[in-house]
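Chains A and B, in that order, give the protein sequences.
So that you can map any letter, position 55 of the first sequence is 55 in this note's numbering, and since no number is skipped, the others follow by simple counting.
So that you can map any letter, position 404 of the second sequence is 404 in this note's numbering, and since no number is skipped, the others follow by simple counting.
Treat the hints loosely; a few may be bogus.
With a straight-line cut-off of 25 Å between C-alpha atoms, the simulated PhoX-like cross-links for lysine-lysine are [stated by the list, open to error]:
#: 1; chain 1: A; residue 1: 159; chain 2: A; residue 2: 258
#: 2; chain 1: A; residue 1: 417; chain 2: A; residue 2: 450
#: 3; chain 1: A; residue 1: 159; chain 2: A; residue 2: 121
#: 4; chain 1: B; residue 1: 292; chain 2: A; residue 2: 417
#: 5; chain 1: B; residue 1: 42; chain 2: A; residue 2: 38
#: 6; chain 1: B; residue 1: 292; chain 2: A; residue 2: 159
#: 7; chain 1: A; residue 1: 417; chain 2: B; residue 2: 42
#: 8; chain 1: A; residue 1: 258; chain 2: A; residue 2: 135
#: 9; chain 1: B; residue 1: 62; chain 2: B; residue 2: 119
#: 10; chain 1: B; residue 1: 44; chain 2: A; residue 2: 38
#: 11; chain 1: A; residue 1: 38; chain 2: B; residue 2: 292
#: 12; chain 1: A; residue 1: 258; chain 2: A; residue 2: 285
No lab work stands behind these hints: they were computed from the structure.
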Amino acid sequence: MESIIVFTDWFFLSYFFVLNSAYAMLILLSFREVLVEKLSFSRSVLLEASSDRYTPPISIIAPAYNEEATILTSVQALLSLNYPEFEVIVVNDASKDNTLNLLIERFQLYHVEPIFRYQVKTAEVKAIYRSTLFKNLTVVDKHNGGKADALNCGLNVAKYTLFCGIDADTLILPNALLQLARPFIQDPSRTVVSGGTIRIANACSISHGQIDEVRLPKNIWANFQIVEYLRAFLFGRIGWNAIGGTLIISGAFGLFRKDVVIAAGGYASDSVGEDMELIVRIHRKLREEKRPYQIRFVWESVCYTEVPESGQILSRQRDRWQRGLIDSLWRHRRMFFNPKYGVIGMVSFPFFLFFELLGPLVELLGLIMISVSYMIGYLDIGFMLLFISVSMLFGSMISVGTLILEELTFGLYPGWKSLAQMVAYAFLENLGYRQLTLSWRLRGIWGAIKGDHGWGEMVRKGFGSQ
Amino acid sequence: MSLDLSLYIRDPLYRLAVWIIVAQFFFIAGAALIAGVIRWIKPKWDARREQEQSKARQSILKLLNADLDPKIEAEDAQRLLEEASLRSVINAFEQVVTRLGEVEQRQLRASSIALSIEKHALRLAKSWWWWRRFEGVLLLRSVGTESSEELLVRLLRDPHPTVSFYAAWALARVSPIRGLDELVHYIDIKGAYQTETRSQLKLSFSQQVTLLKELKLQHLTQEELETLFDQLSPTLKPVMIEALIQSGRGQAIPMVRRGIHSSDMEVRVASYKAAATSRLSLTEAELKKGLKDPFWPVRAQAAKAVGVLRAINLVPHLCECLADSQWWVRNNSAHSLVQLGESGIEALSYISQFGEDRFARDIARLVLNEAIMSQDRTVMNALNSQPVRVLPKRSSTGEATVLKQERSSALLTTEITALGINQS
Numbered sequence: 001m002e003s004i005i006v007f008t009d010w011f012f013l014s015y016f017f018v019l020n021s022a023y024a025m026l027i028l029l030s031f032r033e034v035l036v037e038k039l040s041f042s043r044s045v046l047l048e049a050s051s052d053r054y055t056p057p058i059s060i061i062a063p064a065y066n067e068e069a070t071i072l073t074s075v076q077a078l079l080s081l082n083y084p085e086f087e088v089i090v091v092n093d094a095s096k097d098n099t100l101n102l103l104i105e106r107f108q109l110y111h112v113e114p115i116f117r118y119q120v121k122t123a124e125v126k127a128i129y130r131s132t133l134f135k136n137l138t139v140v141d142k143h144n145g146g147k148a149d150a151l152n153c154g155l156n157v158a159k160y161t162l163f164c165g166i167d168a169d170t171l172i173l174p175n176a177l178l179q180l181a182r183p184f185i186q187d188p189s190r191t192v193v194s195g196g197t198i199r200i201a202n203a204c205s206i207s208h209g210q211i212d213e214v215r216l217p218k219n220i221w222a223n224f225q226i227v228e229y230l231r232a233f234l235f236g237r238i239g240w241n242a243i244g245g246t247l248i249i250s251g252a253f254g255l256f257r258k259d260v261v262i263a264a265g266g267y268a269s270d271s272v273g274e275d276m277e278l279i280v281r282i283h284r285k286l287r288e289e290k291r292p293y294q295i296r297f298v299w300e301s302v303c304y305t306e307v308p309e310s311g312q313i314l315s316r317q318r319d320r321w322q323r324g325l326i327d328s329l330w331r332h333r334r335m336f337f338n339p340k341y342g343v344i345g346m347v348s349f350p351f352f353l354f355f356e357l358l359g360p361l362v363e364l365l366g367l368i369m370i371s372v373s374y375m376i377g378y379l380d381i382g383f384m385l386l387f388i389s390v391s392m393l394f395g396s397m398i399s400v401g402t403l404i405l406e407e408l409t410f411g412l413y414p415g416w417k418s419l420a421q422m423v424a425y426a427f428l429e430n431l432g433y434r435q436l437t438l439s440w441r442l443r444g445i446w447g448a449i450k451g452d453h454g455w456g457e458m459v460r461k462g463f464g465s466q
Numbered sequence: 001m002s003l004d005l006s007l008y009i010r011d012p013l014y015r016l017a018v019w020i021i022v023a024q025f026f027f028i029a030g031a032a033l034i035a036g037v038i039r040w041i042k043p044k045w046d047a048r049r050e051q052e053q054s055k056a057r058q059s060i061l062k063l064l065n066a067d068l069d070p071k072i073e074a075e076d077a078q079r080l081l082e083e084a085s086l087r088s089v090i091n092a093f094e095q096v097v098t099r100l101g102e103v104e105q106r107q108l109r110a111s112s113i114a115l116s117i118e119k120h121a122l123r124l125a126k127s128w129w130w131w132r133r134f135e136g137v138l139l140l141r142s143v144g145t146e147s148s149e150e151l152l153v154r155l156l157r158d159p160h161p162t163v164s165f166y167a168a169w170a171l172a173r174v175s176p177i178r179g180l181d182e183l184v185h186y187i188d189i190k191g192a193y194q195t196e197t198r199s200q201l202k203l204s205f206s207q208q209v210t211l212l213k214e215l216k217l218q219h220l221t222q223e224e225l226e227t228l229f230d231q232l233s234p235t236l237k238p239v240m241i242e243a244l245i246q247s248g249r250g251q252a253i254p255m256v257r258r259g260i261h262s263s264d265m266e267v268r269v270a271s272y273k274a275a276a277t278s279r280l281s282l283t284e285a286e287l288k289k290g291l292k293d294p295f296w297p298v299r300a301q302a303a304k305a306v307g308v309l310r311a312i313n314l315v316p317h318l319c320e321c322l323a324d325s326q327w328w329v330r331n332n333s334a335h336s337l338v339q340l341g342e343s344g345i346e347a348l349s350y351i352s353q354f355g356e357d358r359f360a361r362d363i364a365r366l367v368l369n370e371a372i373m374s375q376d377r378t379v380m381n382a383l384n385s386q387p388v389r390v391l392p393k394r395s396s397t398g399e400a401t402v403l404k405q406e407r408s409s410a411l412l413t414t415e416i417t418a419l420g421i422n423q424s
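One chain only, chain B, in its complex shape (with noise of 0.2 Å):
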């Protein structure tokens, strides 16, 4: 039989159509059989390289625990690569790495495994295809020594973007002091783009996030801090200042000053909430210019702040805060009023009950529901103590008003009741 179709069929169109119908088939069948080649492959495939990934991560966790005889410390790091693939030892070596302190770090990349990788990457960063060398400076942030160091240098100047970042970064990892200089280009400084040759890679956030907690940026000097800070991106700055809270708190309270003061709405809130996550202590002339600022999410990180720090004093600005358009700052204002102890609670339930905004009352009486609900005890007493404290309010013209001292809880004390809740 032959194949030559215009035996059988004379038209033209017709013969297109069979031969179209006869490669459809045979695409069909290829697909089907491709599908089912990856669904046999895929799952040993898959099983191959997480037993390969797990034994590579307990080899490599070995050499943290014990006083291992260099000699069989060596021996096991040419097993592993022989017997894993170097893919699946850079995996591991990768996930150990990131979790690891500096010291355990420092350790690791003095060890046999890391040496021998650290060789095979020196040998694909000097390759000809970019791709190669991309996975050689990975490589290398993760093993490189001082030996690698002229190498990574090199590396900075390469034509590809992408090799030039990651050399930048590994050299941050292996020489701190001259890798930062390098690797603060990167970061999104304004106007950067525009005369650095070298940024023209740009980063995503996550990935300049990731780099700027890479930063050792105690290596640089409180002058140098803050024109990095001044330069960065009002995204960045936030970040500058956790990875200054995380090197050391010292560094991170001046830069929290400045970003209080700072023009950008998004670098206030970030400092008022760096401010109550770390717990720096702000003055209270600080709070109280953040419980006024004219944007909410200032005033309601502000106000958020001044529960963590435990600003006593500013009980009344909060008050005024419970009446603020704002949700979240009136929410925020309220919690803070519970966090401030007895003071802050008898205010908030006082506001609960008589207090003239429709909206303040609704959050006191939200927020305090809350605390009752999740039976907090500090709240509980203070609903219950006697006698009532009075109440300082500021003004509408900033004067101090004592407050009507009739107090009623017996709403509370209902719900409280109805709830079974033991008041004792």
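Just chain A, same shape as in the assembly (with noise of 0.2 Å):
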């Protein structure tokens, strides 16, 4: 018994000292790439032609499913967009509220023939509309089929060779279209995908779709989720972008070449993670075939969104988040460790597979260890409390290390408060609400298991309503 418990001991320190050691890795990483890009001189020199007419076009499709609080400020954001040439595309995917009412009477929309060709297996149409106030606006009206099958019906409709998938209650910032289709018009021919970042809209100053004030929640729950996001981004994803190895690009905000997509089938409709999914798939098709290619995370391009303000809303979202990334990493687990699949296959998954998949349970099993340890009175309670303390503190010290990437990227949350209240999370965030959201990964494994594909319902409180 007492080997085993030496080993698990020695498990668990270098499973701990592996991890810190990538997210170290990782927060360097970004900070040299907010550094570079923030010093570079010859900027200004690469963006006189991002503004000209080798822009590339665009389809904006926003799927909506019951967004009748948030449809109208986001529609009415996208088409403010300072970009100079792009249509929007609202799939309304048989919502059973008022969503295509709303956008009827809002933008007096007219029935036109459904001319398209299926590149993408859907659900059956029902109806597009165009508006009689913008010509860039098209409605699109279907049978119920989910997220992933409203954005492959966006992209059977969709005119141009670029497409950004957004959430109905995205609220993308005038510029950020612009800055994400950079990467497009630096390197039209490798450029795949493009990602932007992703900030909480909940509490901010919205009006006509344009953001006034950033604000901090008072919501408890939407604070935490500050500290995560800005963690998620800011070290996270620019960390991965600088070595290539970029996994995820959120759903919510990402711009893609059509043709790409289509070759690789689409989003995955049986998947309740299809952002991650298609991305792994992209990397995988494009690696098979031999095909030079880049996927970039471009941290300035920023949109808002409204995230749980109930702790029951965020348990499904964490739950359906987990299980999204199990049914990605299995349906490509040939990947993992494979050398052909370059950086993806050796670095990437097998960082997400050890510790983003298996992390919840590898901490179920540390406390499955403490409790067996103490009953048979093998547990050195001192030292138990002080690796904890290591490890929560080494949490606080990535959050607050990524303040300050804040602060030299954004800054957008103004006032000494704010800053103190965000420092505040940083740390409180390690005393209740990372083991909730343990135990809501731990469901969502679980769900993996058994085999759950449902989504779990979103409510939506609206941007007018904060």
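Assemble the dimeric complex from its two separately framed chains, guided by the hints.
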């Protein structure tokens, strides 16, 4: 028994060491990326071309399901984007609320013939509408098929060679699309996907689809998520981007080459993590075809979204994210430690498998081992407390380090109070919130084992109500 | 109290853990402090930089306006350089220069501010550090005059490719004829990367676009232009056509014609696009060739060009394209038919009701509906004009046949009435 306990002790210590080394490496890479970008003297030279006529036209696809609280604000924001040529396609996925009627009324929609090719299979389209007010607005009304199906439907209707998949409750900043398109302008032959940063819109002051003032929400759940999102986007994705190992481009804001997505088979309708699954599939396909390509994360390109403000809805979201992760990794398991897939197969994939997917299980195992050790009298309580403190403080270090990145890059939340608040939440999230998310992720793992494909209902407050 | 933990904790592993925790606390406090300092300094820094740039922009723009006394101008320049950071002045200069015409650019380059910046740039360009030389050539790109030409020529052989590239760029501005030869080497000419050591610097597409637009192509002879055009990669050929259109349409037309006969689909697409956007006259045979191209993007662009160039005789060909397998070809053909005026609209209207092909009918109806929704007067008038003209249509064997004369615009009339649009 003693040898088992010693073995598990060393396993946990090694796991902890490798995980935190990887995090430290990612945050260093993020700092390097941000500083190089900020201090680059030739940036203005590159930007000369980005605002001219070589910007490729873009179809923005916004799937909407029961989005009556936010749809008008979001579409209004989309229509006022600063971009030379784009169309907005809202795909109403058989909403049960007033989403479609609101759109028809506000944008004076009229019915047109549904003429398009089913390049990707989707649920049947009921009707297509155009707006008399905005020539570049199209609304597609279809039978319910889920978010991925709605995105595929938008893909079929889209006119342009690039499309931007967003959530219907996403508010894109006016210049964000131009920044997101920058990799496509700089290297059109290799760039296949680019993704932007997501920020939290809860408590922000919004009018006419534009963010007037950014504020920290009063809701405790939203505040925890602000720290989480900062960490995920400012250190996680920038770091992965630096080594070309980006495995996730958020479904809420990503720009794709349509032909590549169609060739890959479109979004997987039977996946709950369709955004990650698509990126992994694109990596896999292009690597197998030995095509030179790049998937870029553009941190300067920002959009806002509403996050859950109740534990119940948040738990459903995290449960789904975990199931999505498992689904994506399982479908493409042959990429795992396969040198054929380069950085993706040898670094990103194992990292996501060992630390993101199995992380909750390892933590659970740790708790079980503590209990077992205590019961048989092997537990060194002093050392256990020290180890837990080191582990928690490391989490806080990463979060507070991310705050430096936030100040260097955006510095969106004004006032000293908000900074103090964010530092406090970086500490507090280790005392309860992290353990809760752990339990939700474990539930997600259990759901995946049972074969649960449900999305869970997401209730929106609406931008106007804040 | 001693910092030697061994006095309190005997186990070395415990001591290590405690030290790690202490270090973590220090790190967190330090990071929070740095974040605070950045928060405190950054807005002030940004505001100061913005203020400096705005002041610099105003001073630079002032140089363009009046017949300024050279003495006052020199004093202004000196004051500006003393008060604002050089980087702010340079940024402001770049912002202004890139938005000016050639005459104003020359005027600015001859100003005192520019001469002061140039002096500084020449010092930088001689630096031992490559990034200082890089900043120097970047500056000379904006403010360089004949006096910096020799140094720029020397910097073309700089061991750092970025420096040599920007030196070539600066030289192209200072001395277009001399610089052009150098700069062309950096454009993605097939095979150039293997043979030219100076071209090791791989430019992004956007940089190459900027570069091609920068080139004073009018200084090249027609023969040289054609050689350069043939050597360019397919993605850059359209850019060259566009650059030529900007510098003089006369030189562009032969390139467009060359492009139409190119074996590369992208070049053909770009050629028809350029013809459409710049209204370069193409013959009907050339347009017809595009409509029959095996690649749909070419057919789509050619269909668009037919409408823009008002090639009325090609109505029957456009009608055929309405049944194309690709939506873009059908869509562009239908829109071009609308652009062609009465004969095109009548053809479209007829096909919307009696067309044999379902896709042709659908697109015709869709485009006509759109035109009605946008209250296009030409469409309204054409749809309601009497009597109806006979529409020529090419049969599958190519012979013109006469279509049925019956035409009913009842459906469209009903729609117009329903929408409440005044038909008169």
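Hint-by-hint comparison with the structure:
Distance restraint check for residue 159/A and residue 258/A: the Cα-Cα separation of roughly 10 Å lies within the 25 Å cut-off, and the hinted pair is therefore satisfied. Distance restraint check for residue 417/A and residue 450/A: the Cα-Cα separation of roughly 45 Å exceeds the 25 Å cut-off, and the hinted pair is therefore not satisfied. A C-alpha spacing of about 17 Å is found between residue 159/A and residue 121/A, which places the hinted pair at or below 25 Å, so the restraint holds. Between residue 292/B and residue 417/A the CA atoms are separated by roughly 67 Å; this puts the pair beyond 25 Å, and the hint is violated.
Restraint check for residue 42/B and residue 38/A: satisfied, since their Cα atoms lie roughly 13 Å apart, inside the 25 Å limit. Proximity of residue 292/B to residue 159/A is assessed by CA-CA distance (about 22 Å); at most 25 Å being required, the pair is judged to hold. Restraint check for residue 417/A and residue 42/B: satisfied, since their Cα atoms lie roughly 17 Å apart, inside the 25 Å limit. Restraint check for residue 258/A and residue 135/A: satisfied, since their Cα atoms lie roughly 22 Å apart, inside the 25 Å limit.
Using a Cα cut-off of 25 Å, the hinted pair residue 62/B and residue 119/B holds, with the two alpha carbons roughly 21 Å apart. A threshold of 25 Å between alpha carbons decides the hint, and for residue 44/B with residue 38/A the separation of about 17 Å falls inside it, so the pair holds. At most 25 Å may separate the alpha-carbon atoms for a hinted pair to count; residue 38/A and residue 292/B exceed this at roughly 50 Å. Straight-line distance between C-alpha atoms of residue 258/A and residue 285/A comes to about 15 Å, which keeps the hinted pair within the 25 Å bound.
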